[in-house]
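Please work from the sequences and hints to get the whole structure.
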Amino acid sequence: MTPPPPTERRGIFTPELLDRCISCGFCLPACPTYSLTGEETSSPRGRINLMRAIETGQLAVDDPTVVEESSFCLGCRACEPVCPAGVQYGALLEEWRDELWHEGRRPLKLRPLLWAVDAPARVRLMGVPRRHAKGAGERPASASLMLGCFERVLYPRVSRSARKLDPKLRVPSGQGCCGALHAHNGELERGNELARELGEALPGTIVTTSGGCSAHLASVLGPERVKELSQWLAGRSSTEPAKPAEARLRIGFQDSCHARNGLGVWKEPRELIATVGEYVELSSAAACCGAAGTYAILRPEDSARVLDRHLDEIAEADLDVLAVANPGCYRQLQQGVKRRKLRTRVLHLAELLAGER
Amino acid sequence: MSPLLRAPRAPGSGLSRRLEEIVGSDHVRDDPGALLTFATDATPLERGDPDCVVFPATTEEVAEVLKVANERRIPVVPRGSGTNLSGGTVPHHGGIVLVLTRMNELKEVSSDDLVAVCEPGVRTIELAQAAAAKRLLFPPDPGSQTTATLGGNVAECSGGLRALKYGITRDYVLGVEAVLATGEVIRTGGRLVKDVAGYDLSRLLCGSEGTLAVMTELTLRLIPAAEASGTGMAYFDDLADAARAVSRVLASGILPVTLEFLDQVCIGAVEDYAHIGLDTSAGALLIFGQDGDQQSIDADMVRMAEACEAEGATQLRIAGSPAEAADVLEARRAALPSLSRLEPLTLLEDATVPRSRIAEMVEYIQGVARRHELKIGTFGHAGDGNLHPTVVLDPADADAVRRAHDAFAEIFAKAIEMGGTITGEHGVGMVKLKYMERQHGPEYMALLRRIKAAFDPNGILNPGKLGS
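First to last, the protein sequences are chains A and B. Sequential numbering of the first sequence, starting at 1, is according to our numbering. Sequential numbering of the second sequence, starting at 358, is according to our numbering.
Simulated from the structure, these hints should not be mistaken for laboratory data. Note that the structure is a prediction, hence the values are computed from the model and not measured. C-beta: ideal position from N, C-alpha, C; glycine also.
Covered stretches of chain B (chain A as the covering partner; in silico rule of three or more C-beta atoms under 8 Å from a C-beta of chain A):
(1) 384 to 390
(2) 433 to 443
Covered, in the sense of this in silico footprint (three residues per stretch, anywhere, with C-beta under 8 Å from a C-beta of chain B), are these stretches of chain A:
(3) 29 to 41
(4) 53 to 67
(5) 84 to 90
Here is the structure:
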């Protein structure tokens, strides 16, 4: 028996998180980057071995393979639900990037993005020219609608649709960023702080139209406090989704990775879609589309490679609509569908249910 | 014994460049980070540092890589997805890790000849699904089937949950194309059930753990899929009761497709992962199942339930749907990794005894756990006597690690004494080599070394393991 690796720790990772993995390899087939390369080094198990190596000093923190793999990982967390040992890979990745991308080491392209959402005032300004949802809702408010930072700029109709589906939702105007962008990109503490601040700004249950935000908020504020939109709607019998006027649409769905893998939300959106059309499960539905937060900006070529399989399946299934549950996926799939000149319309689940076609 | 090899480690030895000429520069890795991720497989505490990792795409490339390695006397460790549990794919002597996952073409699934032909990097589940689509069955279903490759399954002679009724991987290997350590390509067997032209080298290669040749194509036997299947669960106060129920079932003349058990420690860990409503207060769970036509399934399920009741089953449940049955079996497959929820280090063995002695062995393991003050979770393929006693412990507790190894030494000795084996399906690898001689004696070991030398005269293939 060879002696176990050195046990000194550099304190980059929480020991209980890092020790959980027993290297069984059950995660390999679930990992999109392992599918692309077929190399252990780009698998969750391989990356955890890299994390362990930098934790014990066996490899330098800035070893080129370590740096590459920390960034090549999509952070989709598809490895988590298939892990019998219960490894919290997403939390490990946050700690990894917190070490690698902190302050001066952060990729240049990320800096303006993080700056933009770091202060509520700037986030609010981004939304000013666009008509995102507004309104006081029910008083006293038992639930608030969270406005995504980039969603309010890129897809303001999503929050309006959400509020159409549940007019009692309150939409506080001064709300800032949930901090997911920070937490996933090397600013873990600031990310958690922003989540707590948002928790104070939004009364009652926080309802979000963004899977990525919902998982981060839930990890900081607790899952009881936060509901992804489909979870919220599915839990309310009073909600009557709009009935389709036209012939039954063939509708596919792209899971939000963090809603599915982080919060376990995947049944709800499918059941809701089935109330307005014919739901078609694509075999890529649960796999990351390659948007992956800032990934599409940082690694556009890898992002496009990850997306390809999804576009192939959408084309093959000849869908009328592909529903999404996260602004990043929205942009990624909308652009991909346009590039391929497919007839499929990409809509947020909220828009689809609210009858916005 | 072949001399222990050590690859030239100095940079500039040109090994990687030479290999890049064969497989292309995108398919050789020698950066320290990548090497580190190929230093281990799924075996705890075992590691070895490779000098480079090569990903060939064709038989010809494998042959060229082996020729280079043989000329330079560099160790080569063939590997698939790295789910090995006996340290068999750990490069203890450095050298080249030869990863075969790029060779992943499923070439044929033939309903006419009832065979599948595939490259070694095809995953077990992919073949199982392709066969099922044609209403055929590839029975070996190791716990790691979603990740593990068929090349690895054949090299290790994997078992699984259906072994009692359908046998293990060796029963389904009809033919092999393999590259010898010296670079020659051979083919053994073929698409035939009957073929006695020569030594049965397919069977020899099956379970050879990468020490004799590198398999590059497999011809595997398929059988018609059963029309239906049924799965039931029985809870007991104690694992020994469940073991006696197993003996009673088998003595009653039934050959079930599934007879799996888990003790209380394992039930708790599995339920924590799978959330399928297992009763975590029970001392043991026996999963029993049958396949075939509906009428005989129904009859057998009743008889198995009766056998369980006769041995004191506290609760019985028949799965109401195939989905429920699949959940239970899937959860059972996840038993080992689930156990790591209890402590970060899980040391697992797979001692196997004749099925008539399973209750006795279970009680012996419980005694060993008490004597060495260890937490041992036991699960396994009760019907074929294949047990997986698993010690869960804190790796920092060096004394507990030592006690665990002592405990396994006693369990192995007991298994051999009972007419059993040190490994039912995980392979000898590095971990159990020292127990081999105790089981087989020196003459057998000497013959193994002569066979190894005939295939691999310079001892480059997976050195330090079988035949070394």
